[in-house]
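Engineer: From just these sequences and the hints, can you work out the full model?
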Amino acid sequence: MSTSSSHHFLLIGLPETGKTSFLAALWFMVDQSAIDCALRLHKLKGERKYLNEIRDAWLQYRSVPRNRAESDVAVSMSLERRDTGAVFDLSFPDLAGESFRLQWAAREFTREYDDHLSNSKGGVLFIHPEKIEKPIQIQTVNALAAVLDDEVGTATQEDGQDSAVLKPFDIEAAPTQVKLVELLQFIASRDYFSPPFRLAVAVSAWDLLSDPSCTPRQWLETRMPLLSQFLECNRESFEVSCYGVSAQGGKYASPLFTPAHFREAVALAQRILKGKDAFSAWLKERMGVTILAEIEAAIGVPAQLTQLLARIFNEIIATDEIYQYDRCKDIKLRHETRNLLNSVTQVGEERARLNRLLLEDAYPAELSKEWINGVEARELQGKAPERRVTIVMPDGKESHDITEPLLWLMH
Amino acid sequence: MATKNPQEQVSAMVQSETTDGSVSAEVPQADPLDIIDLPSGKPLNDSAATALSKSRAVKWVVIAGPVGAGKTTLLATLYELFQSGPINGCRFAGSNTLPAFEEICHLSRMESGNMNPETGRTLYKEGNPSYLHLRLNLDIAAGKFTDLLFTDVSGEMFEDIRDSEKSSKDLVFLRRANYFLLLLDGKKCMRPDQRHKVVQDGKTILQACFDGEMLSKECVVKVVWSKFDYFRNAGDTQEHKKFRQETDARFSAAFSSKTKDLRFGCLASRPTEFDLEFGHGVNDLLAEWVGLGAQSDAMSLAPQIRGKREIELFARRMQE
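Residue numbers (this note's numbering), protein chains in the order written: chain A, 82 to 492; chain B, 6 to 325.
There may be inaccurate statements among the hints.
[To be verified] Which chain B residues face chain A? A few, computed with CB under 10 angstroms, are given here: (1) I40; (2) E85; (3) S89; (4) L103; (5) N142; (6) D198; (7) H201; (8) P276.
Just so you know, these hints were derived from the structure itself, not from any lab.
Cβ coordinates follow ideal geometry from the N, Cα and C atoms, glycine included.
Structural biologist: Here's what the structure looks like:
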């Protein structure tokens, strides 16, 4: 009989950096006996509702519900190493990115986080390459402008100052690397901090990088130099290993409209303005006099009209519960729409997807059925779930075992 | 700037809404008892700086000069340079005042809405200054760290000490300075009617600090032409060079006997023209602050004093 030990790790990262997607993919992978994964589920224990929810969203190629500060979730898994049979409990709070943002901005964290931190021997720091705020100096922009066109550069400097509208200092606008350094300094400043704290740096959405040939460490050095210097200098406090992580495997389709999705914008506008069918009548009422006047005014300017419709429709699909029997009874619903209608709980992103389908069914000639990232999403759906995950190891080699960073943390 | 992808835009739109359709507050208020306050990251006050100096060896760097001489701009530039990578092998290892650095950089970044880079003016506060902190590493293998505490002092405070012995005696923080950097405003020196006042003001500030016995003999003193780009933009003529040499000579004559180490230099933290690199001269200063330059090398930084005028002969004797 194997003896059980415990490992506590933190998942650290600002909002929308891939923490929950990683957790969702991990929960799927450890539960698949046929997958070559170093860790497997030993037994089900404790509360699993949250893990199942995020895994289901991941399996259905939907954005994993983002965790917010009010919903920090302590996650625990009883796992077994396939090579040694060693059994252990792996626990990490899935702390909302929001709570990390507040650490920087509000200069506080919760006692609960402090407890987690005091129990943790290490953690995974998530960085999303597309979510990096970088400081852009006016000096640099002006220099570039001067190179491109001396006259334009001079004009900008001379004429621009008078019209500049200065914004007050906003601590939230600080560069991402500064915020992350501060989060790590907070960790290292606690009385109980016992170095070295193992830190697996996970550069998420690695598959979306323009230059995926570099190693994750090289990426960190070039894209986040301040953080890289900090980690290099504080090796005694933070033992670091860098990974590239693609937990999602590609882009998901988005139900949002773009102007290009309005194939027959004028016809659509006129149907809404007339409001003859039940659905259009509801839309007309929903939009109100002001918006209808804007639409009417834009009918002669196609680019303006499609932009306006995209903005209005996006607001509607995100906020409204479009489906009601009376207003939709004359619409011929597709099989896909009916399926979703029967299964969704009409909340969050599910509702947005359903709303988009309903609008497409209501205006089949006027609206495109091609979604943003639709092609990539279809390619992604062709992959087996376990092949969606790619981990780029510190030496640049690829693996499909999402537990690699955790194995290093436990080593 | 990072932008939301379409998927996130939907998420953001749907998550900002509550069940009753109203827009929710971002995060519910937590019980205050469950909240742990973290360091503010604001400039350190005297007691916080002193506490830091007791926990580890620090170097106190006083940056002096009248209002607008470029004191805060120098600090902002140093911080911005580290955002792009190590400076001459010197690495950023941490800071207790990151938000404070961010704030002094604000008006020089695009997000401020500004069209030309600026630095906010440091507010005048009576009494002790506040400090900005940087922890740097010169040799990772040897774990060689240097903690620098920079004064963040309004120029008015230094202007006051020109006029009053009491004011200089009030600046007790000067006594612990390891490095005293005096900035002479190069931009003002472009105007013939201003340049001699700039020099005289600088001399008086330094004189007042020494006469008030506020600076130790061990303290390195460096006199720097800030906004050096203005000299360059004006062609840096023989007249400019002569003016600077004579000024340096005057400072040498006046202060070489009062400090073991008097240095001179040029600085263009944020050059207005682009033939000088951003932070011109900052890496030299940093090298001196972290102690890369040996004492003998440092002395050689003083300009060769030439000429036969009495003051130049005296300065040369003092230098020798």
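Engineer: Would you mind marking each hint as holding or not holding in the structure?
Structural biologist: Each hint tested on the structure:
Residue-level restraint check for B/I40 holds (minimum Cβ-Cβ distance to chain A is 5 angstroms; threshold 10 angstroms). Using the Cβ-Cβ criterion of 10 angstroms, the hint placing B/E85 at the interface with chain A is satisfied: the shortest such distance is roughly 6 angstroms. Among the interface hints, the one on B/S89 holds; its C-beta lies about 6 angstroms from the nearest C-beta in chain A, closer than the 10 angstroms criterion. Given hint, B/L103 at the interface with chain A, holds; its Cβ is 5 angstroms from that chain's nearest Cβ, closer than 10 angstroms.
A least Cβ separation of about 4 angstroms between B/N142 and chain A falls short of the 10 angstroms threshold, and the interface hint therefore holds. Checking B/D198 against chain A by beta carbon gives a least distance of about 25 angstroms; that is not within 10 angstroms, so the hint is violated. For B/H201, the shortest C-beta to C-beta distance to chain A is roughly 30 angstroms, which exceeds 10 angstroms, and the interface hint is violated. With a cut of 10 angstroms, the hint placing B/P276 at the interface with chain A holds, because the nearest CB-to-CB distance is about 8 angstroms.
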